[in-house]
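Going line by line, the protein sequences match chains R and G.
Numbered according to our numbering, the first sequence spans residues 1 to 283.
Numbered according to our numbering, the second sequence spans residues 1 to 283.
Hints are supplied without guarantee of correctness; some may be wrong.
What the hints assert, rightly or not - A short, non-exhaustive set of chain G residues, derived as facing chain R with CB atoms under 7 Å: (1) 12; (2) 114; (3) 199.
What the hints assert, rightly or not - Now the in silico label distances, taken between C-beta atoms and shown as ranges: (4) R/244 / G/119: 41 to 47 Å; (5) G/186 / R/241: 27 to 33 Å; (6) G/12 / R/141: 54 to 60 Å.
Since the hints were derived computationally from the structure, they do not count as laboratory data.
Remember, it's a predicted structure, so these values are computed and weren't measured experimentally.
Note that CB positions come from ideal geometry on N, CA and C, so glycine has one too.
This is what each chain is made of:
Protein chains: 2
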Amino acid sequence: MKITLVQHACSADPEANLGRVHDGIAEAAAGGADLVLLQELHNGPYFCVREEVRAFDLAEPVPGPTTERLSGWAARYGVVVVGSVFERRAAGVYHNTAVVLDRDGRFAGRYRKAHIPDDPGYSEKFYFTPGDTGFEPIDTAVGRLGVLVCWDQWFPEAARLMALAGAEILLYPTAIGFDPSDDDAEQARQLDAWITVQRGHAIANGLPLAACNRVGTEDGNHFWGNSFVCGPQGEMLARAGAQETVLSADPDSARPEQVRRVWPFLRDRRIDAYVELARRFRD
Amino acid sequence: MKITLVQHACSADPEANLGRVHDGIAEAAAGGADLVLLQELHNGPYFCVREEVRAFDLAEPVPGPTTERLSGWAARYGVVVVGSVFERRAAGVYHNTAVVLDRDGRFAGRYRKAHIPDDPGYSEKFYFTPGDTGFEPIDTAVGRLGVLVCWDQWFPEAARLMALAGAEILLYPTAIGFDPSDDDAEQARQLDAWITVQRGHAIANGLPLAACNRVGTEDGNHFWGNSFVCGPQGEMLARAGAQETVLSADPDSARPEQVRRVWPFLRDRRIDAYVELARRFRD
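Next up, chain R with everything else stripped away, as it sits in the complex (with noise of 0.2 Å):
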């Protein structure tokens, strides 16, 4: 399966930042791209730095807009697209939405973000509702589909989930950055863990990883960048800098399977004293 991540800066102008997201699909289907995997929240700049009540009108149904031009691209250029949606799902419950378009265009499933974070210049809790569509890998014609989002990224649990549901990759749309106010050595270990803790989750699950992150600067924070594609032991097989680009990478599908045969964690899992991983904290 070939990968094909669309990493840019987005501006306040929606058609521009479908523009863009237009020619990465265009570009990647060029280069012989199976899916391709958009960053989070791409149709505009990143309005949770602040809580402001009219930012709720960017949201938009699921299906709707955004999934029907997604879907188009889709079917036109023959590729499975993985996009992010602010979904107004009715009056008071809004969600970071992950839309999976099938190559034939076909709208293939989403995924409501589950982990919502909130800290300076991440305002989530405030717009988007936890999701409720739980851990399901969403079913393509390129394959099984662990699509996460963003935040999710930090938890083992939910990659772990998409996994025993038989996801066949893990896919991260992200908008993710540094703040400013952090030194380099801080801005260093915090890019380093947010690669790190993905490849862990390659690692523990024995599957390929692709995480798409945004860049530029908006209004403090500076989004990092740095999308990249790793192998079922979190090898690395393509990674982005801090610059718009056009990333892919070609995991070999059949390595999923002989690295699980090798090292099979979820033959020795010990479901039975797990059970206190549903609990907030063990005191």
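Chain R is already provided as a structure; the job is to place chain G on it using the hints.
Frame of chain R; chain G shown alone:
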């Protein structure tokens, strides 16, 4: 908390190996260590390379002869010692057990390896009954220790359960090595994956972590050393090569709480959605 790891080769002579352990503890204490982490099954060669009934004769009670030796050294040098014993619990019930001796020599507790590997050269399922201690940290004068053993290090569940129970550091006595029939690239991926997945546990839980591995070639297994200590963002604090060494690091005890304030993963875990982690596979 200054932590020192004693990474060494093992001969067929238990007294020589325990002498190496003693010297490592003495050297660690002279260097100001608060805690000494030993490697897995440090008393002798890694006998699990094949299945031999007579190898059970190596097992001993816990507390027992080895814990008594370690206890004496812990008290003499005033350091907490985390050791590893082939435990005979009953006829037919043997465990791969980590033991903790407090700095006054008191037997502080044990952890019986929960995840038991079995692959060519590592026939541990023949020898070790899966542990039933659960994932309970062990309190000592220098903190609450999340002691796990070797193969546990590939399982995010084990690290998480220790963190949820208030562990202040994750510690892994280890015996892992290369299969000489693998090519250099595969060996490099395996070593990097072993370090990365553990750094991932440190990150996901906001905890420092140390793994102490053996070195040397024994009966076809080439133990890769590379013992290390990382901080709560997975940042490498100290890392050994493949030679015998005494390795120290001094993780900042205030850092985990700071990291968890910036990255409050424990706040955001979706404990309502994790119940299926206790399933073998979600099919």
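We went through each hint and held it up to the structure:
1. 12: violated (29 Å)
2. 114: Result: holds, 5 Å to nearest chain R Cβ.
3. 199: With a minimum Cβ separation of about 5 Å from chain R (threshold 7 Å), the hint on residue 199 of chain G holds.
4. R/244 / G/119: 41 to 47 Å: holds (44 Å)
5. G/186 / R/241: 27 to 33 Å: holds (28 Å)
6. G/12 / R/141: 54 to 60 Å: holds (58 Å)
Checked against the numbered hints given earlier, the structure breaks only hint 1 and satisfies all the rest.
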